[in-house]
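Asks: Put together the whole structure using the sequences plus the hints.
Those letters in the sequence shown? Residues 8 to 123, per my numbering, in order.
If you're looking for bench data, these hints aren't it; they were derived computationally from the structure.
This one's a predicted model, so the numbers in the text were calculated from it and none came from an experiment.
Yeah, the Cβ is synthetic: ideal placement off N, Cα and C, and Gly gets one too.
There could be a bad hint or two in this list.
Cβ pair distances, simulated, as ranges [stated by the list, open to error]:
| # | residue 1 | residue 2 | range |
| --- | --- | --- | --- |
| 1 | Pro75 | Glu11 | 36 to 42 Å |
| 2 | Gly98 | Met120 | 39 to 45 Å |
| 3 | Asp100 | Tyr70 | 31 to 37 Å |
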Amino acid sequence: MTEEPDPPAVFATLDDEYARDILVATKTDRLSAKELSEVCDMSRPTVSRRVSRLVEQGLLEEYTHVDPGGRHYSEYEARLERIEVLLRAEGFDVTIDVRPDPADRIATIFEEMRGD
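Replies: What follows is the structure in structure tokens.
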């Protein structure tokens with residue numbers, strides 16, 4: 008289960024063009040690091056560093072894919088849905104919405120089925 012995203016860390020990450028490009032590219036499709044490298048026109052090490060940070064912050068989900076030949080590799084899909092920043096008299100109110108973690112979604116479904 009992923010912790011709630013930390014707004015200052017998320018803003019620092021989103022200040023990076025490469026990280027933003029990865030999130031946009033993975034919004035509708037799961038992509039491997041190789042595919043991200045090609046689609047986003049960046050080196051594999053650059054993809055790897057950004058993907059690690061995005062996964063760590065809960066903004067990107069990592070899935071293991073097994074091809075027909077039995078080869079395993081990771082694919083990534085954006086979890087970030089929306090960031091809302093409201094300016095109030097007391098300061099900023101920041102809300103970061105991400106899709107639920109797949110494990111959390113499954114647990115919620117079973118809890119609802121059991122009536123918990």
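Asks: All hints are to be evaluated individually against the structure, with a verdict given for each.
Replies: Hints, one by one, checked against the model:
1. Distance hint check for Pro75 and Glu11: the Cβ-Cβ separation is about 38 Å, which falls inside the suggested range of 36 to 42 Å.
2. In this structure the hint that Gly98 and Met120 lie 39 to 45 Å apart at CB holds, the actual value being about 41 Å.
3. At about 33 Å, the CB distance of Asp100 to Tyr70 agrees with the hint of 31 to 37 Å.
Violation of the numbered hints given earlier is absent; every hint is satisfied by the structure.
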